[in-house]
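Engineer: Listed below, chain by chain, are the residues.
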Amino acid sequence: MVAESPIVQIKQVSKNFDAVYAVDDISLDIYRGEFFSLLGASGCGKTTLLRILAGFEQPSSGRIFIDGQDMTDVPAYARPVNMMFQSYALFPHMNVADNIAYGLKRDGMGKAERAERVQEMMALVKIAAYAKRKPHQLSGGQRQRVALARALAKQPKILLLDEPLGALDKKLREETQFELVNLQERLKTTFIVVTHDQEEAMTMSSRIALMHAGRIEQLDTPRRIYEFPATRYAAGFIGSANLLHAHVVSQEDELVTLRSEALEREFVVHHGQPLAPNMDVSIIVRPEKIQVGPANDAPNKVEGVIKEIAYLGDVSIYHAEIAPGVRIKFTQSNVLPLAEQPLSWEQEVRLSWSPYSCGILSQ
Amino acid sequence: MNKRLSGLIAGIPTFWLVVLFVLPLLFVLKMSLTEARLGLPPYHDLIREMEDGLITIKINFGNYVILAQDSLYLSALWGSLKIATVSTLLCILIGYPMAYAIANSPKHLQTPLLMLVILPFWTSFLIRVYAWIGILKSNGLLNNFLMWCGVIDEPLQILHTVWAVYIGDAYSYLPFFILPLYATLVKLDRGLLEAAADLGARPVMQFLTVTLPQSIPGVVAGSMLVFIPVMGEFVIPDLLGGPDVLMLGKMMWIEFFNNKDWPLASALTVVLLVALIIPFVLMQNYEQQDSKDKA
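Chain order of the listed sequences is A and X. Counting in this note's numbering, the final residue of the first sequence is number 363, and the numbers go up one at a time with none missing. Counting in this note's numbering, the final residue of the second sequence is number 295, and the numbers go up one at a time with none missing.
A few of these clues could be false.
[Claimed, not checked] No farther apart than 30 Å at their CA atoms in a straight line, the calculated lysine-lysine pairs in the DSS-like style are these:
(1) Lys30(X) - Lys58(X)
(2) Lys132(A) - Lys187(X)
(3) Lys30(X) - Lys134(A)
(4) Lys105(A) - Lys187(X)
Honestly, the hints are just simulated from the structure, not real lab data.
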């Protein structure tokens, strides 16, 4: 198989508004058929990057290639991409069918073929019953579907989605996530999604670019970004994480021994890259990877007192104080519905984790 | 809210409208059904007590018959309709680009530009119409300028023609067209233009398919604000138009002041009112249709 060429190439793109860089020297390749997410907090530049791809913003420097062609100076109306807007931007004076047909009409598609495509699109997103309704007569979820159908009608090479599920309530959002993924798998269109919701990005994406302050903090699959965050910011943004400050004592094969002065104990962490002795690092442990109870042979163990309990239904979150001023977060699945709470406030607990379920962050 | 207070708040404008609008209107309607006479007041009362003590009510439709039969009044009605229509079209042609430009200019420029639109109101309407005489007359500013440029060899006769009335009407009522249209245009969602561009529409197509259809309510409102007052306009045709420019407002003046025929002037007023109610009802229907669509 020939190495596939990327469908989108972003080459050293920057966008500044006066002295503020919304997008700061980003280079990125996105491949055909990917479900790609630009994830980040508000103001991180993800929407600006998407708008540059759509052609609504001109980059201050850098080039954009779509399917090998330089699109940097091509106006929005001539680009082979379509966008689903966060506010949906449906034309209020047109009914559902006319909204979906809008792009096809601009392309000069014949009436019969157009009607057929509109029908097809309405069936695809299950809104055929509302063809004659105006946007204001639809619910939020229905409008979202119309916006999706309208953006897909021209069969773009790339579909850009700006917070596609942002305006939906939680339950509908979860259902729609899976529908979007199924739709993308069926159509094989490249989807580029902007979202601030890490769960949404994790559920849907093949790859995630985590953005922070106009730059890409980490670019990886959802699993790798969660299990092996590259930076403290990435660790904190996706899921929750315990960070323990320590310094490197020794490294043998791929097992690193570290010492935390605050906790007055040593830890062992599996880490592939060589680390300099005495280097200051953070050990990252995800709350669900911590085990409760005696584990005498585990190399990483701490004792603590439970200070906070949050019952979420499926899991409970506990905060334990393991040294003055140092707290560690861990979760327990609630397996039995009415079991007496196994852990309560001020209870002493022993916590442990494997060297293979934690990581080291040097930055 | 306090019931008495809300009753008072609704009552004051109701009282105002009844005393200053409904009653005079009924009075005019009544007068249009009387007969003219020499004397004061210059009409026979509708209700008269005869010498034998009988009270008679004499309704006279003669004024309306005169209006229908004398082609002078029909051509005045036609003249008013034609001039109001042309003036409204002129306002649309001149006012739409202006409103569009203001609505699309940078935020900090919009208020000063709107001020420029409203600024002429600082000067009396009558004086501004007089000023047009100075511009349009044979040796006025416009003709002198055109002759100086060499565009024309001898002065154009604009003043005292229907063209002067069109110019005066369009000039005087332009702000009334621009302001409601601007209010509609400025509220339009810019995201929709991006959506249109994204779907392949070039700027001209974006305007034709997104901006224009959504600005129709503003165009309708602005057109009504021009059409209705121009229909009854008296000052502009009187000062700028010639003797062959026939309009209802001018006819009313002539009947009332020159011919002292108050009943006939009243009948003309009623006819004008009916002619104005028709477009107004049309607009109401349009708005109701519009809000029904939105409900």
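Engineer: Of all the hints numbered above, which does this structure not satisfy? Sort the numbers upward.
Structural biologist: 3
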